[in-house]
Structure formats: C-alpha cells, structure tokens
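K.L.:
Residue-level listing of the chains:
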Amino acid sequence: MKKASLFMLLGMMLLPVLFVWGGGQPPAEEGPVTITIYRGGITIDPETDPVVLELEKRLNVDLKFVTAPWSENRQKVNLILSTGDDVDIVTTVDNIPKWQSEGAIIALDEYIGEGSHPYIYKITNSTTFTPLKIEGKAWAIPQVPLGVAWGTMVRQDWLDELGMDPPQDEEQLYKALKGFKEMDPSGQTTGFQFEGDRQIRRTTIPIMSIFGVPSSFWDQHVNFDIRGGKLTHICTMDKTKAALKYMNRLYNEGLINHDFPSMNSFPQLTEKYIMTGKAGMGWVINPFTSQAARLKEIDPGSEVSLLQPFSAKGYEFRRAQGMMVQIYAVVTSKSKNPAKAIECLEYFQSLAGRRLLVAGVEGVHWSSFSAEGIFERNEARWEQDYGKQLYHPLNFYLGQGNCEGYVPAKDYATFEEAYANAVPFVPASKKDEANVRLEYKEGAKWFGDPNPVQFVLFPEHNDLENAVIDAIVIGWTKCIAAKPGEFENTWEDHQAELKRVGLDRWTALYQDYYDKNIK
Amino acid sequence: MPNQLREIRHDPLGKHIRRYRYLYLMILPALAWLIIFRYLPIYGVTMAFQNFSLNKGFFGSPFVGLKHFQWLLSDPGFKRAFINTWLINVGKLALGFTSTIALAILINEMRHILVKRSIQTITYMPHFVSWVIMAGIFNSLFAYETGAVSHLLEVIGLGKFDFLQDNRYFRVFVVVSHVWKEVGWGSIIYLAAIAAINPELYEAAWVDGAGRFRQLLYITLPGIASTMIIVFILNLGSVLNWSFDQVYNLYSPLVYETGDIMQTYIIRNLSHNPNFSRLAAAGFIRSFIGMTLLVVANSLARRWGRASIY
Numbered sequence: 001m002k003k004a005s006l007f008m009l010l011g012m013m014l015l016p017v018l019f020v021w022g023g024g025q026p027p028a029e030e031g032p033v034t035i036t037i038y039r040g041g042i043t044i045d046p047e048t049d050p051v052v053l054e055l056e057k058r059l060n061v062d063l064k065f066v067t068a069p070w071s072e073n074r075q076k077v078n079l080i081l082s083t084g085d086d087v088d089i090v091t092t093v094d095n096i097p098k099w100q101s102e103g104a105i106i107a108l109d110e111y112i113g114e115g116s117h118p119y120i121y122k123i124t125n126s127t128t129f130t131p132l133k134i135e136g137k138a139w140a141i142p143q144v145p146l147g148v149a150w151g152t153m154v155r156q157d158w159l160d161e162l163g164m165d166p167p168q169d170e171e172q173l174y175k176a177l178k179g180f181k182e183m184d185p186s187g188q189t190t191g192f193q194f195e196g197d198r199q200i201r202r203t204t205i206p207i208m209s210i211f212g213v214p215s216s217f218w219d220q221h222v223n224f225d226i227r228g229g230k231l232t233h234i235c236t237m238d239k240t241k242a243a244l245k246y247m248n249r250l251y252n253e254g255l256i257n258h259d260f261p262s263m264n265s266f267p268q269l270t271e272k273y274i275m276t277g278k279a280g281m282g283w284v285i286n287p288f289t290s291q292a293a294r295l296k297e298i299d300p301g302s303e304v305s306l307l308q309p310f311s312a313k314g315y316e317f318r319r320a321q322g323m324m325v326q327i328y329a330v331v332t333s334k335s336k337n338p339a340k341a342i343e344c345l346e347y348f349q350s351l352a353g354r355r356l357l358v359a360g361v362e363g364v365h366w367s368s369f370s371a372e373g374i375f376e377r378n379e380a381r382w383e384q385d386y387g388k389q390l391y392h393p394l395n396f397y398l399g400q401g402n403c404e405g406y407v408p409a410k411d412y413a414t415f416e417e418a419y420a421n422a423v424p425f426v427p428a429s430k431k432d433e434a435n436v437r438l439e440y441k442e443g444a445k446w447f448g449d450p451n452p453v454q455f456v457l458f459p460e461h462n463d464l465e466n467a468v469i470d471a472i473v474i475g476w477t478k479c480i481a482a483k484p485g486e487f488e489n490t491w492e493d494h495q496a497e498l499k500r501v502g503l504d505r506w507t508a509l510y511q512d513y514y515d516k517n518i519k
Numbered sequence: 001m002p003n004q005l006r007e008i009r010h011d012p013l014g015k016h017i018r019r020y021r022y023l024y025l026m027i028l029p030a031l032a033w034l035i036i037f038r039y040l041p042i043y044g045v046t047m048a049f050q051n052f053s054l055n056k057g058f059f060g061s062p063f064v065g066l067k068h069f070q071w072l073l074s075d076p077g078f079k080r081a082f083i084n085t086w087l088i089n090v091g092k093l094a095l096g097f098t099s100t101i102a103l104a105i106l107i108n109e110m111r112h113i114l115v116k117r118s119i120q121t122i123t124y125m126p127h128f129v130s131w132v133i134m135a136g137i138f139n140s141l142f143a144y145e146t147g148a149v150s151h152l153l154e155v156i157g158l159g160k161f162d163f164l165q166d167n168r169y170f171r172v173f174v175v176v177s178h179v180w181k182e183v184g185w186g187s188i189i190y191l192a193a194i195a196a197i198n199p200e201l202y203e204a205a206w207v208d209g210a211g212r213f214r215q216l217l218y219i220t221l222p223g224i225a226s227t228m229i230i231v232f233i234l235n236l237g238s239v240l241n242w243s244f245d246q247v248y249n250l251y252s253p254l255v256y257e258t259g260d261i262m263q264t265y266i267i268r269n270l271s272h273n274p275n276f277s278r279l280a281a282a283g284f285i286r287s288f289i290g291m292t293l294l295v296v297a298n299s300l301a302r303r304w305g306r307a308s309i310y
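These protein sequence lines map, in sequence, to chains A and B.
Per the working numbering, numbering of the first sequence is gapless, rising by one per residue and ending at 519.
Per the working numbering, numbering of the second sequence is gapless, rising by one per residue and ending at 310.
I should point out that these hints are in silico values taken from the structure, not numbers from a laboratory.
Be careful, since some hints might not be right.
Using 27 Å as the maximum straight-line C-alpha spacing, the simulated DSS-like pairs for lysine-lysine come out as follows [what the hints assert, rightly or not]:
#	chain 1	residue 1	chain 2	residue 2
1	A	K410	A	K57
2	A	K241	A	K499
3	A	K336	B	K56
4	A	K239	A	K175
5	A	K445	A	K430
6	A	K388	A	K272
7	A	K245	A	K296
8	B	K160	A	K272
9	A	K175	B	K67
10	A	K334	B	K160
11	A	K76	B	K56
12	A	K133	A	K334
13	A	K516	A	K230
14	A	K499	A	K137
15	A	K296	A	K313
16	A	K178	B	K160
17	A	K245	A	K178
18	A	K175	A	K483
19	A	K245	B	K79
20	B	K160	A	K483
21	A	K245	A	K445
22	B	K116	A	K278
23	A	K133	B	K56
24	A	K137	B	K160
25	B	K56	A	K499
26	A	K239	A	K296
27	B	K56	B	K67
28	A	K519	A	K137
29	A	K340	B	K79
30	A	K430	A	K272
31	A	K137	A	K178
32	B	K160	A	K181
33	A	K519	A	K499
34	A	K499	B	K79
35	A	K175	A	K313
36	A	K133	A	K296
Construct the entire structure; sequences and hints are all you get.
P.N.:
The structure is reproduced here in structure tokens:
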C-alpha cells in the first residue's frame, strides 16, 4: 500500500515535468538577429503591428519587446538592469552613473561615429548633454522631446455657461474653479484636478509659474533660481510659499480634489476625471489633439481651451525650466549584438525612422510627406489599425521623448541648432486645425527656460538626493493639504525638514559646479 | 502497542529509515524544495554585508561590513518606519487574534446550519480579494469628500473623518480594515479545533449545570488552547513581514508619519536608487527579530506546559 502510494505520488509529480520538457518549440533556425527592447506602456501587439513588422524588415532584425505598466516602469527598469535580464535596449532609464559603475550598460563611443551614426553622435556630443559623459564617454542617449505638448486643459463650455472670461489673475482663476464646483449639485465635481505623490512636482507647474517659480517637469530637486551667479533652491523661495498657500486655499475650499495625495498615475487619472466631467481643469498631455477629441466623443457639447499664462498679483510669470524629460536609452552589457542594437537606435532617430514610428508605414498609412512635416494619411487604414490615436503608440520613448516629429540632428552643425529647427509631424487632415503645432506653441508659453544644471549629476550623493526628493514631495503635499490656519506652521516644518535632510549641502554642490564650470 | 512504541523509540537511525523508507521517500521532494528554495538562499544574506552588484556577483562585490545596517539604524526615516511596522502589525496581531477566536466561537454557537454556513462564507470571502482591489474600494468608500461612508457619518451627525489622509486615523484604519478582511479566514482553523472537542464534555457540563458561558470558559477555550498558542507563535514569528500590500495601496505622503512601514520605506528608496544590499540588510533585521520572537514565544509556551512548535 505504501509502495503504491509512493509510486502514485512520484508519478503525479513527474507528469507535469514531462509535459514541460516533452513539449516546447523546435530549435530556432538561423535568421535575423534578435533585438529585445524594454519600453513601458506598450499597448500594441508587436507580433502583428504593421509598424513593428516594417521596422524588422528595414533593419533586418527580429524585434522582441518587454514591457510593464507605466506605474511600474521605474521598478521594472531597475530590475532589468540590476538582474542582467536578456534585454538589448532599455528605454526610460535614469541614474546613468549607477548603471555605468555597475557595468550594466556599455559605452557607445566605440560603436558610433559622426559619419556612421550622425544622430546619436550629435546628441551625445552636444553642449547640453556634455555633463552626462562619464570618463569622457557617452553611456546613454538622451531621449529628446520635440517640445512640450502639455497644457492646462479648461472646459471652455463650462466657462461660457458661467459667463466668465478666461482667468487673467489668481482671483479670477479661483472664481472660475469655484464656479465649476458649484455647477454640480452633487458637489462631486472639482475645479482643478491634481495628482500627488511624486506627481506633485508636475501638477503644480501651472500655479508655480503664475507665482513666478521656475519649477520643472522632471525633478524639483535640481530647480534653482539663478540670479547674479547665485543659486537659490526653489523650495526655499517666498514665491513658492505663496504658490503653495494659494493651492492650500483652493484645497480647503474643495477646488482641488481632496484625494490627490494618493493619486499617482499622472496623467491618466487627471484625464479620466476630466473625461467623466468630474473636473473642469487639469494639466494634461496633448490637450488639443487627443484629449479634446476624446472629450468630444463623450460629451459632444464640450469645448476645450488652454489656460493662458498670467501673473498672480505682485508676481511675475516664469516658465518652467529645463528639458521635460531626463531619461535615456541604453544598450545593456548583456546585449549579444550591441552594434545592431545601436544601429536600431540610430534608425529610430532618423527621418525615415521617425516617419515610421510617428506616422506609420509608407504606402499603407500615408502616401507623402512634406518638408514641413505634413503628411497625407490613409485615414481608413489608420483608423482600422489605431483607432482615434493621432500617432503611433510607440512614437515616444522609442528613440525620442515626447516627439511627434523629428529633430534633424544630421542636417545641422550642432544638436542645439537642430533642436531649434525640430519639425512636428501633422496629418494633412488635421493641418487646418493646426492643433499639433498649436500644442507645441502653447506648451512653449509654459516651458522652455534653460536649466544649465539639469543634467549635472552627483552619483556619490544619491542618499542626499533621495532625501531631498522625499522631503520636497512630502512637504509640498502637506503644505497644500494643510488644514485651515495651519499652513504657516506646515511651511515652517517643511523648511526645517529641508534643512535637516541637507538641502543646504545639496545646493552647495550645484553652486560649486556652477562656479567652476558655467559661470 | 506499548512494545511497538518501545521499538520505535529505540530503533537505530539507519534501521528506522529503512523501516519507513517509503514515507521518507515521499517527503524527499518537499525536503529538496525546502533546501533549494529556503535554505540555500540563506547564503544571499551576505549581500547585506557587501556593496552588492548583480553584475559582479557575490564573489566580486566588495565587503563593507555593517555599513548598511549602520545606515538603516541611523536613518530617521527607517527608524520611523520600524516603529510604524511594530505598532501596526502588533495591533493587527492583538485585534486579529482575539477577533478570529471570538468569531469562531460565535459561529460555533449557531444552530441554524444555513445561517451558519452563510455567515462563514460571507466572512471569509474578503480574504480572496487582493489589496489592490480592496484599496480601490476603500478609497471610494472612505474618500473624504465623495466617499459613501463619509457622507453617512456626516448625515448621522458624526462629521467627516479623513481616514486615509489623517495621521490620527490611518493606523487604526489599517488595523481594522485588515482584521475585517482576514477575520473570517482566520476563524476557520479555530472552528476546526472547536469541532474536534469531544461533545460528551459539553453534555457532561450541561448535566452538571454549566451554562453556555461556563462551557465556553472551561471546555471550549481550554480545548482550543493548543491551537491558539501554535497560531500565535507562528504569527509572532512573521509579524514584521505583514502589511506591505495593504499599506502600499492605501498610504500617501500625508500619512507617512504613521503609515510608512519598513517595506514601503525601502521600496520608495529602491525606486529612486536600487540598492539590494540595503534591502537585504533591512530584510535581515526583520527576519532576525522575527526569529527571536518565535524562539522566545515557543520557549515560554513550553515552559508553561502548553503546546509548542518544537
């Protein structure tokens, strides 16, 4: 009996093992090189997507994709690079010095040349990105955004219903937001949709700018106000206090959603709240192109406008500074075909590559492209493959940052010149709406001041950097959410905490760098 | 029978294994799994004493001694997280332990089978819902402005409570919501233990004039005492490892003071700057404390003449 039980048990355990070993794919035949790319938030099926198939044909590669939801993107990137997963290219990487010191990524210089890889060469050797070099070598390709297609989307139809003009100062903004809230008898609609956690640094940009604070899209911990060669961190400025106090007032009157501290999937939740009519204002990407179209489908009576820059009384409007992304594409040290991987990255930056990644396959999705970036789209085929999306979902972060267009690095002496002449791509059917170009033009009203220290890194001070980031996120959240009458104490606590974690030392590091290299 | 018992006790090891070889062969796969996935990885704790780099491996990464432990133990954020972990998890242990026993006893007292089974099912169903989903539900129900519970409390005159964003309430909310979710599932083992008590004891007690309460005190509770102790000891050993899923999905920067636990603190730092050595050091601290608690609790249980794990 015992013997029978034993053999039955062993048999049951061996059966699934045999299935796993007995099945499986036959050995792969010799063919195109396989290049595996990590890129977060992939929604297409790479096995059947026409653009991916075309890329494979042009590059003679077999492209495999690894992905993760955007909310887990950073953890996934860290895991891939830490564990040495079999991935050739990883996009949206930050903290390049760490990965370089761990030997997780390769230096690009031995593979690229100005003639063979003009795009990567120009970008990695540009003045803007010189601080990124380690030991005189380039280890990553900055994912360059074309511009800033973000804006504070406003329900213009609600403003019209209230009989209000677009706000020109902070009091008018307050009245507009109050009006939005009072329009909903259930009281569930909020005026300005915010998101929290680390997104606090982004969703506060419009208000910060109105109060003259030079914040940034990417990271507040490298935001300094530079006057007369002196760096002052924005977190210590009175203007920042005024901006946070204003937001605190909005919060306590229910004009900013109360649950913002726990919302951390920017901008998806903001878009959702605006689409469902739960918010009248919010900072979103592609407000005129994607968001307006989506909102129109849900609410045909909706009209969208963008908040225009204005100054709060006694303050002077300041644009946000720096490039809006500080992420990179790298080739891992585990890559079996680094040269081919770099060839792919070079192609993604090229004119042909950008046209493919943004507009689709020539002859299938579009028939002609003008020098100004206007293309004739096959609307029926595009809608069949990609629905209402304006551009191919892989267009950003695969090669370049938010870039529905092309940076002609090859055609100019320096990357900086090329960047100033970047070309956004627009389908001819949308040309007259001019929304895409308008988005960049509108975005440029809020972004674009240079930040000379944005790409300066101090990897040996990572702990200090983390502590400063944490203190900013927590402090700003608490200041905005402070109960009535408690703002001043909360601000003082925030200042004390910044001092305790070492903001002075952090500022001194950048002041020192500025004095030695930039002044 | 006593002769057989004597034989088992005095068999030499080799003979004993031969006699029961098929039983030992049956547990061999489980033993192999235990060794490969639980004992061999213990070597990985060396990571806590190195500046570990996966590219360099265990033998290539430099040894740094107690540097990571010193960093953790001197970091105010980690200390705060350590205290929060204790407070929240000990609260869960205390409230959870008593609630599961109370629920088991109450369910056991029910006579109507259909009602009894329905209540059992309803109470243990939340156990199967992950905290990702549960957090979404709680965020909707308990949201300060739009939550149904907030509205209800306001309507009945208690005013609004910011359960999820106020440090005064967050810890309590975490403890109570956890107990609510797990009390049904946790009561199953006690129900089984109660079912194993000889019914004749209850009959004899009833004949002797003992009411329900005295039967509970003198039969039910002593009858499940061994189970209570074993479950308590096992829970105590893992008490510092609880709560990550729940807290991670519920907390926000506003409640870091009372809600940030060791795992969330480390994950937040990990996402900025991956440092597996520091993570390993934090895990080592947790495991060491858990093991100490388990050993102490087990020794005390043995000393008091009660059931113990070993």
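K.L.:
For every hint, state whether the structure bears it out.
P.N.:
Against the structure, the hints come out as follows:
1. K410/A x K57/A: holds (23 Å)
2. K241/A x K499/A: Between K241/A and K499/A the Cα gap is close to 16 Å, so the pair holds against 27 Å.
3. K336/A x K56/B: holds (18 Å)
4. K239/A x K175/A: holds (22 Å)
5. K445/A x K430/A: Given pair K445/A, K430/A holds - Cα atoms ~22 Å apart, limit 27 Å.
6. K388/A x K272/A: Given pair K388/A, K272/A holds - Cα atoms ~17 Å apart, limit 27 Å.
7. K245/A x K296/A: violated (35 Å)
8. K160/B x K272/A: Judged against 27 Å, a Cα distance of about 26 Å means the pair holds.
9. K175/A x K67/B: Cα-Cα ~55 Å, so violated.
10. K334/A x K160/B: Violated. K334/A to K160/B sits at ~55 Å, over the 27 Å cutoff.
11. K76/A x K56/B: holds (20 Å)
12. K133/A x K334/A: OK: K133/A and K334/A at ~21 Å, within 27 Å.
13. K516/A x K230/A: Between K516/A and K230/A the Cα gap is close to 13 Å, so the pair holds against 27 Å.
14. K499/A x K137/A: Violated - the C-alpha atoms of K137/A and K499/A are around 35 Å apart, more than 27 Å.
15. K296/A x K313/A: Cα-Cα ~35 Å, so violated.
16. K178/A x K160/B: holds (21 Å)
17. K245/A x K178/A: holds (17 Å)
18. K175/A x K483/A: holds (21 Å)
19. K245/A x K79/B: violated (31 Å)
20. K160/B x K483/A: Holds, at roughly 13 Å.
21. K245/A x K445/A: holds (24 Å)
22. K116/B x K278/A: Roughly 43 Å between the alpha carbons, so the hint for K116/B and K278/A is violated.
23. K133/A x K56/B: Roughly 23 Å between the alpha carbons, so the hint for K133/A and K56/B holds.
24. K137/A x K160/B: Outside the cut-off at roughly 58 Å; violated.
25. K56/B x K499/A: This hinted pair is violated, its Cα atoms lying about 37 Å apart.
26. K239/A x K296/A: violated (37 Å)
27. K56/B x K67/B: Holds - the C-alpha atoms of K67/B and K56/B are around 19 Å apart, at most 27 Å.
28. K519/A x K137/A: Answer holds: K519/A to K137/A is near 24 Å, not above 27 Å.
29. K340/A x K79/B: violated (48 Å)
30. K430/A x K272/A: holds (24 Å)
31. K137/A x K178/A: violated (54 Å)
32. K160/B x K181/A: The hint holds at about 19 Å.
33. K519/A x K499/A: Holds, at roughly 26 Å.
34. K499/A x K79/B: With a Cα-Cα distance of about 19 Å, the restraint between K499/A and K79/B holds, given a limit of 27 Å.
35. K175/A x K313/A: Between K175/A and K313/A the Cα gap is close to 15 Å, so the pair holds against 27 Å.
36. K133/A x K296/A: Between K133/A and K296/A the Cα gap is close to 46 Å, so the pair fails against 27 Å, i.e. violated.
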